[in-house]
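Q: Protein chains in written order, with numbering that gives the first Met the number 0: chain W, 0 to 297; chain E, 0 to 297.
Derived from the structure by calculation, the hints contain no laboratory data.
Don't take every hint at face value.
All copies of an identical chain are treated as equivalent in the list; a pair is satisfied when it fits inside any one copy or across any two copies.
Below are the DSBU-like pairs computed for lysine-lysine, each with C-alpha atoms no more than 35 Å apart in a straight line [said to hold, decoys possible]: (1) Lys19 with Lys171; (2) Lys19 with Lys144; (3) Lys258 with Lys19; (4) Lys171 with Lys221.
If you're wondering where the values come from, they're calculated on a predicted model, not measured in any experiment.
2 protein chains.
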Amino acid sequence: MLLNKLGEFGLIDRIRKTIKTDASVLKGIGDDCAVIRYDRRTCMLLTQDMLVEGVDFTRRDDPRLVGRKALAVSISDIAACAGLPRYALVSMGIPRAAAAAYIDEVYRGMRALAREYGINIVGGDISRAPVLTIDVSLTGFVEKKRLVLRGGARPGDMIFVSGRLGGTRQGKHLRFTPRVAEARFLAEQYRLHAMIDISDGLAQDLGHIARASNTGAVLFEKLIPFSAQARGLDDALSGGEDFELLFTVSARDGRMIIKRSPSRFFPVGTITEKRYGLKIIDGNGGERVLRISGYRHF
Amino acid sequence: MLLNKLGEFGLIDRIRKTIKTDASVLKGIGDDCAVIRYDRRTCMLLTQDMLVEGVDFTRRDDPRLVGRKALAVSISDIAACAGLPRYALVSMGIPRAAAAAYIDEVYRGMRALAREYGINIVGGDISRAPVLTIDVSLTGFVEKKRLVLRGGARPGDMIFVSGRLGGTRQGKHLRFTPRVAEARFLAEQYRLHAMIDISDGLAQDLGHIARASNTGAVLFEKLIPFSAQARGLDDALSGGEDFELLFTVSARDGRMIIKRSPSRFFPVGTITEKRYGLKIIDGNGGERVLRISGYRHF
């Protein structure tokens, strides 16, 4: 079987099934971060993301923004678990003909973002590769009581996003702000049931939450906040790489969030029983199945 | 400037100079692992290695051995700091036309080695790439009192290697045993002054120890243990990817090691004052400068 039949998530599932972990691993493959027991009060978070030229960025993109994105996507994963990022390792596969000045700029962009988020770049590797390939691993920490994963959503929860969606192909994917401060604020003020960062698109990432939580979900089309660059509903649902937080809380906490932070967090729907499936309700009250069509690597 | 002018180590130096870290980072870029303060007695070790098809392995190599190597090189870095490996993240850039069965085999090789060394594979990433690209990050731990780095060698130290060198191009580079048990044994029994794993070749990695320790060193050609596949002295000195430990101890500890473990650890030379430089003495007592010519990526 070729990978384009199996797909990225099929492959990840296949791998996950074969892997056993010991009791120190509170969460292994299949969430935004791996969660490791650190001490009585703290969990260690581990995440890693690979960016490849021609897939995640192009040679014409500003190299500083490329470096920035390579670190930002991992920061976003730590944010999705309500953690604080601390240590980064950076591997780079570099074409032989690359200019040192170009690579300097990539590091410059990464370093500036690292400084902004209090992250130490502590090591990594350099190799040769046919196209620029950047793989960043990031270690973070979160208080055990504030840890949020994908699997805690409950029927009746309100579903929120942390910002406007869509339009990422117009350059936003290189400039997004990882939502660490927002996630920390939410985890301190409310009881988050489930959280994920929107990397594959609202529809697909909501599907990840629903699947992990064994629930269904319904979105209200009219509630979905569009970014200025969004090219319609499909873009906001499936464009991917928004890197906003998608989270669920009890209806009680939800009402508080709407009241206190009306322009920071946007309610977009409700978690339902599993048998309801994944649905979206349009402006006229018409209900249809939420089509999941995020980015496919293969 | 193109990278082939600057070179891999030039580039790493350039990056290192621009990066600042906070007080929790005991050692950042420039050793086998980054060393992070964990608790009063323990350090956390972080390392990451990227393997690229056509550079570190070929499409004709057994995929299980490719997966094995991708993890083994990072285990070897943890061993070089006398640590125990614990958590791995695996990023894979996969060509679109790859067969799922091939990728399964790569994971199988990695998984088998992980099990052998008590390592949890807890996450990672999958992307598309022009050639198979595997980047593994590994977290380990070491008691603070047993931590060994490159920079602790002292004039008068004896220099040892943990096994026979050379012949890695004949397939050994895919099958080597990371020397975790040996490193732990040494760190428990002796006072290791400096240690590194031989990835770039004995000459170059001894150069790394000498530079970090601000010393010189002399090797005795007749003492260098050749592997059965080695094609002469140059291969043993500069072939690279032996992944044996290279370490220094006081002459007193050195004599004990020779007496107790004659066929496990091989003395190959002595650490000298810096002004002596790096030398090798041949079978007839002739001294010459140790030529450093390990593998170059660019």
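Q: Check the structure against each numbered hint from earlier and tell me which ones fail, lowest number first.
A: Violated hint: only 3; rest satisfied.
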